[in-house]
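Student: Sequence:
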Amino acid sequence: MKRIIISFFIVILFINMTGCSSYYGGQVFQENDELVYEDIVNKIIRFHVIANSDSEEDQNLKLKVRDRVIEYVSDQLEECKDLNEARDFIIENKSTVEKIAEDVIKENGYSYNVTSMLSKENFPDKVYGDLVFPQGEYEAYRILIGNAEGQNWWCVMFPPLCFVDETKDAVDSDDIKEKITEESGKIKENITREKDNKKSKSDIKFKSKFIELLFGNKEK
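So for the sequence shown, the numbering used here puts the first residue at -6; every next one is plus one.
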């Protein structure tokens, strides 16, 4: 028992020394930086592509639609000087984007209908690279494929941050911060570090998996 208690305090000390990182499954993960909702909500347009379903085929189709649409809008959005100009471009090209999506769907042997809309929607917390876009209502351009009951892929459409590597999965968080800052002109502090606040708290919360590793599952 004494050995377990000693091990427990050693791990606490290690976590404090590493900036209150999260421990899970034998690995230590640095916490993500959380953007301040009020600083970004009126400075970005999100882009979401929602698949017909969660089947592997529908999810792959969603990514093909995403690639073709991004290929079309990327250069034009790069030329937009501000949010209003980007919004006008999206509205004016809505039917063209839908046609592009429909063509991709037909090329792949499906007959799903496509709808799209630029609207304000409420989204949960979303991780983008190593940044957290907090829960809230954001302006977003959404492409809905078929029943739109599958998982969605998303990025920041303006400032144009949908330009990533060939897998469309990796993002450069420094580039995100820089471009959002450029768009806003001045963001006082668009990054808050929850870890700084946690240092002032006396209690440290551990994931249930971590507790199980130390003490075992008593319910067994």
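Check the hints yourself; a few may be wrong.
[Said to hold, decoys possible] Dumping the calculated DSS-like pairs for lysine-lysine here, alpha-carbon to alpha-carbon at most 25 Å:
(1) K36 x K99
(2) K36 x K87
(3) K99 x K74
(4) K113 x K36
(5) K99 x K57
(6) K74 x K87
(7) K119 x K92
(8) K36 x K119
(9) K87 x K57
(10) K92 x K57
(11) K87 x K113
(12) K113 x K99
(13) K36 x K74
Keep in mind the hints are simulated off the structure, nothing from the lab.
What you are looking at is a predicted structure, and each value in this text was computed from that prediction instead of being measured.
Student: Next, verify each hint and record whether it holds.
Tutor: Cross-check of the supplied hints:
{"no.": "1", "hint": "K36 x K99", "verdict": "violated, 35 Å"}
{"no.": "2", "hint": "K36 x K87", "verdict": "holds, 21 Å"}
{"no.": "3", "hint": "K99 x K74", "verdict": "violated, 34 Å"}
{"no.": "4", "hint": "K113 x K36", "verdict": "holds, 13 Å"}
{"no.": "5", "hint": "K99 x K57", "verdict": "holds, 12 Å"}
{"no.": "6", "hint": "K74 x K87", "verdict": "holds, 19 Å"}
{"no.": "7", "hint": "K119 x K92", "verdict": "violated, 29 Å"}
{"no.": "8", "hint": "K36 x K119", "verdict": "holds, 17 Å"}
{"no.": "9", "hint": "K87 x K57", "verdict": "holds, 18 Å"}
{"no.": "10", "hint": "K92 x K57", "verdict": "holds, 14 Å"}
{"no.": "11", "hint": "K87 x K113", "verdict": "holds, 16 Å"}
{"no.": "12", "hint": "K113 x K99", "verdict": "violated, 29 Å"}
{"no.": "13", "hint": "K36 x K74", "verdict": "holds, 12 Å"}
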